[in-house]
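Participant: Take a look at the letters that make up each chain.
Number of protein chains: 2
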Amino acid sequence: MSKGLPKRSENYSEWYNELVKRADLAENSAVRGCMVIKPYGFSIWEKMQRALDDMFKETGHTNAYFPLFVPKSLFEAEEKNAEGFAKECAVVTHYRLKSDPNNPGKLMVDPEAKLEEELVVRPTSEAIIWNTYKNWIQSHRDLPILINQWANVVRWEMRTRMFLRTAEFLWQEGHTAHATEKEAMDETKQMLDVYATFVEEWMSVPVIKGFKTANERFAGAEETLCIEAMMQDGKALQAGTSHFLGQNFAKAFDVKFQNKEGKLEHVWGTSWGVSTRLMGALIMAHSDDLGLVLPPKLAPIHVVIVPIYKGDEDLEAIKAVIMPIVKELKSLGITVKFDDNDAYRPGWKFAEYELKGVPLRMAVGMRDLQNGVIELARRDTLTKETRPIEGIATYIKDLLDEIQTAIYQKALNFRQENMFKVDTWAAFEEQIEKGGFLLCHWDGTSETEEKIKELTKATIRCIPLDAVEEEGVCVYSGKPSSKRVVFARAY
Amino acid sequence: MSKGLPKRSENYSEWYNELVKRADLAENSAVRGCMVIKPYGFSIWEKMQRALDDMFKETGHTNAYFPLFVPKSLFEAEEKNAEGFAKECAVVTHYRLKSDPNNPGKLMVDPEAKLEEELVVRPTSEAIIWNTYKNWIQSHRDLPILINQWANVVRWEMRTRMFLRTAEFLWQEGHTAHATEKEAMDETKQMLDVYATFVEEWMSVPVIKGFKTANERFAGAEETLCIEAMMQDGKALQAGTSHFLGQNFAKAFDVKFQNKEGKLEHVWGTSWGVSTRLMGALIMAHSDDLGLVLPPKLAPIHVVIVPIYKGDEDLEAIKAVIMPIVKELKSLGITVKFDDNDAYRPGWKFAEYELKGVPLRMAVGMRDLQNGVIELARRDTLTKETRPIEGIATYIKDLLDEIQTAIYQKALNFRQENMFKVDTWAAFEEQIEKGGFLLCHWDGTSETEEKIKELTKATIRCIPLDAVEEEGVCVYSGKPSSKRVVFARAY
Chain W
1 MSKGLPKRSE
11 NYSEWYNELV
21 KRADLAENSA
31 VRGCMVIKPY
41 GFSIWEKMQR
51 ALDDMFKETG
61 HTNAYFPLFV
71 PKSLFEAEEK
81 NAEGFAKECA
91 VVTHYRLKSD
101 PNNPGKLMVD
111 PEAKLEEELV
121 VRPTSEAIIW
131 NTYKNWIQSH
141 RDLPILINQW
151 ANVVRWEMRT
161 RMFLRTAEFL
171 WQEGHTAHAT
181 EKEAMDETKQ
191 MLDVYATFVE
201 EWMSVPVIKG
211 FKTANERFAG
221 AEETLCIEAM
231 MQDGKALQAG
241 TSHFLGQNFA
251 KAFDVKFQNK
261 EGKLEHVWGT
271 SWGVSTRLMG
281 ALIMAHSDDL
291 GLVLPPKLAP
301 IHVVIVPIYK
311 GDEDLEAIKA
321 VIMPIVKELK
331 SLGITVKFDD
341 NDAYRPGWKF
351 AEYELKGVPL
361 RMAVGMRDLQ
371 NGVIELARRD
381 TLTKETRPIE
391 GIATYIKDLL
401 DEIQTAIYQK
411 ALNFRQENMF
421 KVDTWAAFEE
431 QIEKGGFLLC
441 HWDGTSETEE
451 KIKELTKATI
461 RCIPLDAVEE
471 EGVCVYSGKP
481 SSKRVVFARA
491 Y
Chain Y
1 MSKGLPKRSE
11 NYSEWYNELV
21 KRADLAENSA
31 VRGCMVIKPY
41 GFSIWEKMQR
51 ALDDMFKETG
61 HTNAYFPLFV
71 PKSLFEAEEK
81 NAEGFAKECA
91 VVTHYRLKSD
101 PNNPGKLMVD
111 PEAKLEEELV
121 VRPTSEAIIW
131 NTYKNWIQSH
141 RDLPILINQW
151 ANVVRWEMRT
161 RMFLRTAEFL
171 WQEGHTAHAT
181 EKEAMDETKQ
191 MLDVYATFVE
201 EWMSVPVIKG
211 FKTANERFAG
221 AEETLCIEAM
231 MQDGKALQAG
241 TSHFLGQNFA
251 KAFDVKFQNK
261 EGKLEHVWGT
271 SWGVSTRLMG
281 ALIMAHSDDL
291 GLVLPPKLAP
301 IHVVIVPIYK
311 GDEDLEAIKA
321 VIMPIVKELK
331 SLGITVKFDD
341 NDAYRPGWKF
351 AEYELKGVPL
361 RMAVGMRDLQ
371 NGVIELARRD
381 TLTKETRPIE
391 GIATYIKDLL
401 DEIQTAIYQK
411 ALNFRQENMF
421 KVDTWAAFEE
431 QIEKGGFLLC
441 HWDGTSETEE
451 KIKELTKATI
461 RCIPLDAVEE
471 EGVCVYSGKP
481 SSKRVVFARA
491 Y
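From first to last, the protein sequence lines are chains W and Y. What the first sequence shows, in full-length UniProt numbering, is residues 1 to 491, in sequence order. What the second sequence shows, in full-length UniProt numbering, is residues 1 to 491, in sequence order.
None of these hints come from the bench; they were simulated from the model. Among the hints, a few may not be true.
Pairs count within a copy or across copies, as identical chains cannot be separated in the list.
[Unchecked claim] The calculated DSSO-like cross-link candidates involving lysine-lysine, where the alpha carbons are at most 27 angstroms apart (straight line), are:
(1) K319 - K80
(2) K327 - K256
(3) K337 - K483
(4) K251 - K80
(5) K209 - K256
(6) K189 - K98
(7) K483 - K209
(8) K260 - K310
(9) K209 - K397
(10) K134 - K349
(11) K297 - K457
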C-alpha cells in the first residue's frame, strides 16, 4: 500500500527522490540538471506564488520583468557578484543554427552567427536591474523603488537534486532601491519577516531568522539575512534570503540621486528571493513513508471522497447524499474531489491519495449512509473517526484549520527535540553525526568556521536575530564569544 | 497637455513607440531586442494572465513547467519545426566564465567549459515537451494530456519592436495530446474560441477567426488557426494561434499509445499560444493622441479621483465626503486611486492619467461639494458630465461596463468601415495603400500568395472560418475560387 517508497529511516535521500517522482511532483528532464515540474507539483507551487505575491503587494511592491540575458560587460561590473556566479553560468555565444553539411538532417552552430558580446543567462538579476534603475533614478522623489520579478534563473550546479538544487529553477527576486541606509535595512528585515510568516503560516514549517556569516553571504551583499528550517533528518535547509546590498550595486552601476538637500548620493539597495527550493522544504519537513503530508493551505485538493459501492444503484444513493455536501464544502472555499473512477479499487485510491498528501479522506459506504455517518481519515495523523453526516462540512472546515496548526506544531516539536546546546568539541563531533541544530559559541573568525566545516561538514546556518548575549568560549578554538550561533549540516 | 506624443495621423509607428515608453509600459534594455516590462505595463499583463489562466483551467487544463533549454538533438528531431526556428535561436555553448588574463577585472568564456551538446534557448517548447510526453503516455487511459505553461521564450529576431516583436517575450503555450484526430482538432478549435472570447470580451478588440494558409502555418503543424485583429492604421495583427499538429511530433518523438482495442497508435497533438504581443494589440487598437485607452477589465486603475483644493482645510472637507465613496467603490471591486499628491497641479494630473488610460477621472472641487456633485470624465470618449454624489458608486460601476462595451463597439465599427470586398487587381493595389482588410478571391496557390506579397507587402491573414461559399475569380490570377480570404499588411 505504500507504493513501495523507500523508508526514511533506511535511506532518507532515496525516499525523497522517489517521493518527488511517485507523487507526481517533478521528474528529471533530458537537460542535465533541469527538472520538469509536473502538474500536481506545479499546482502547489502556484499556491505558494499566489500567497507570496499577495504579501509582496500588501507591502507595497509591484511586479515587473527584466531580460533573461545579462551582457558580459554588465555581468562583470559588480566584482564580487561576478566572481560568485561566473563559475557556474550558462553562456549564449551564438544566435543561429544551420544545417550540418557533414551530417544530413542534423544542425550545427553557425560560426558566422557569433555574438559580438556573450550573454549570460541570468543566475540572478542584480546586474541587469541596477543597470536599468540607473535611468529611473534622478531624485529622492524617484525613491524608493519596490519591484519584484517572478522568473527562471540558471546556475550550472554540478550536483543537482530535484527542487533542492537544479540548474534552472523558478523563483521570485525582489530588488529595491532606497534613499537611506536605514530604509534599505528596514526593507531587508521586513522581507525576511514576510518570508518567515509565509513559511510558518502557509507551509507549517518553523524557521529561525538570522544573519549569515561573511563566508555564507550572497556575493555582492553587505549582509545576508536568512530563514533556516530543520528537515526530518535533522539537516538544515535555507528557505529564503534577504540581502542588504549597501551601495555596492549603486556604485558598480553609478546609480545616484539628488537628496532633499540637493546633494548627489549613491542609492542603497536590497534584494531578496525564495525559489522552487521551498517545494523541497515542504516535502522534507512533513512527509512520511506513505507519501506527502501537505498543510491544507497549500494542498491542491483538501478532501477526497471515495464512495464504496457495488453497483450503479449504490453509487446513485451515495451521490444523492454526498453531492450536496460537496457543494457546501466548495462554497466554504474547500477543494473537493469525488473519485468514482471504477477502474481502481478503494484500497488503491486510499494509498494513492495518501501518497499525494490529500489532508482529508472521506469514505462513504452503504451501511454508513443508513447510519447517517461517514468515515473521515486524517493524512497527517493517519487517524480515522466516524462522524455524523449532519454538519460535516463545517466540521471539515474547522478540522482543516486544526490540521494546518497540528502539522506546524509537530514540526516545531521535532525541531525543539533536535536543537542542542553544545559546549565541547567532543560533544560537537558526537552530536553532529546524529543530526540536528547545534547551538554553540563561536569565536567569530572565518578560519574557525572553515575548519569546523572541513572536519564535520557542518556550517554556520545563521547567527539568530534573537540570540541572547551570554559569555562563553568557542566550541572549537576556546576563544571568548558572546552569543551562540546555529551549526548544522545543510542541504 | 498631450505630453508631446507624436500624432497617429503623422507617424503611427513613432506614436506607438513613444506611447509605450511614456505611459510606463516598457522600455528597451541593454540586451539587443529585449525589453524591460515596467510595473504599469506588467500590471496589465498580469490581468491578462489571470483571466486567460482562469479560462484555461475552466476548460480542463493544468499548468506545468518544462526546461528553458532544448538539447540540439531534440531540437532537430521534428524537421520542419527545427528548420523554422534554427535560423533565429540563442545557443548556449559554455557553462562558465573565468578571469581574462589579458584584461584585469574582465571575464571571458572558459574554453574548458564547453558543453558536449549545445543547448538551444527554447523558441517554443514542442520538442522538449513531446520528448517528455513519450514517458507519460502508454495507454489510452493516459490521454488526453491537457497542459499549459507560462514561460519566456527567445527568438533572435533582427528587427524588433516593443511588445510586437522582441527577442525574448513572455507567453503561454498549451501542449495537448489526444487519442484521436477529431479530439485534437476539437481542442484546437476550442482554444481558438477561448482566445477569441478573451480578446473580444477583455481586450475589447474584435477578431476574425480563420485558418492560416500553408505559407503562414506554424513550423511543424498540419493546420494553424488564428485570430486576426485590425489596428487603427488598418494593418492586421495576429493575436493568437492554435495549431493542430497531427501526428508530426508524436512521430518525431515516437509517442505511441495502446488504444482500446489494444493496438499501438501515434498520439495526436495540439499547441496554442498568446504572448505579450497582446499588449501591442491592446495599445494599438484603442489608444489616441493623448495616450492609452484601456478597457476597464484590464485597467490597473479604474477611477482616479483628483481633488481640487487650496489648503489643508479644503482637502479635509473633500476627503470627508470622498473617502466613503472610495470605500464603497472598492467594495464593488473597483480599483480607485485618490491622488492628493501636491507636488503636481490638477492639470498635470489630468494629462498624466489620460496618458495612462485610466477609464474614469473624478474631479472634486469645493463648489462641487457645496452643490453635492462631482465631475466625471470618460477617457474613451473624452466627455465630461456633472453627476450627483448621491449614488455615484453604483453609477460608476455601470458606467465601467458601458465603457468596456463602447470601446469594443468603436473598434468593431472601425473594422467594419475598413473591410472591403475587392474584386480587381487595380482596386487591390489602390486599396492596400490606404490600409484595411481586403476580402478577395484567391486561387489557393502559394505562388499567387507570394507574388501578391512581393508586389504589395500584403499577406493572407486568414481564410475565415465563417467564409461563405461563393463563386468568384482570384483577384490576381483570375483563376476560379470558391470563397474570399482576408488580405492585409500586418505587424
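Participant: Indicate, hint by hint, whether the structure satisfies it.
Facilitator: We went through each hint and held it up to the structure:
Neither within a single protomer nor between protomers do K319 and K80 lie at most 27 angstroms apart by alpha-carbon distance, with minima of 64 angstroms and 50 angstroms respectively. Taking identical chains as interchangeable, the C-alpha atoms of K327 and K256 are never at most 27 angstroms apart, the minima being 58 angstroms within one chain and 39 angstroms between chains. When the C-alpha separation of K337 and K483 is checked against a cutoff of 27 angstroms, the pair qualifies neither within a copy, at 51 angstroms, nor between copies, at 49 angstroms. Taking CA atoms no more than 27 angstroms apart as the test, K251 paired with K80 passes inside one copy only; the shortest distance there is 13 angstroms, against 49 angstroms between copies.
Proximity of K209 to K256 under the C-alpha cut-off of 27 angstroms is found in neither arrangement, the shortest distances being 32 angstroms within a copy and 51 angstroms between copies. In this assembly of identical chains, K189 and K98 lie within 27 angstroms of each other by CA distance neither inside one copy nor across copies; the values are 51 angstroms within and 34 angstroms between. Taking the shortest Cα distances, K483 and K209 sit within 27 angstroms of each other inside one copy (15 angstroms), while across copies they are farther apart (70 angstroms). With identical chains, the CA atoms of K260 and K310 are at most 27 angstroms apart between copies only, with a shortest distance of 24 angstroms across copies and 79 angstroms within one.
In the homo-oligomer, the alpha carbons of K209 and K397 never lie at most 27 angstroms apart, since the shortest distance is 31 angstroms inside one protomer and 46 angstroms across protomers. Taking the shortest alpha-carbon separations for K134 and K349, only the inter-copy value of 25 angstroms comes in at or below 27 angstroms, while the best intra-copy value is 57 angstroms. Taking the shortest alpha-carbon separations for K297 and K457, neither the intra-copy value of 35 angstroms nor the inter-copy value of 55 angstroms comes in at or below 27 angstroms.
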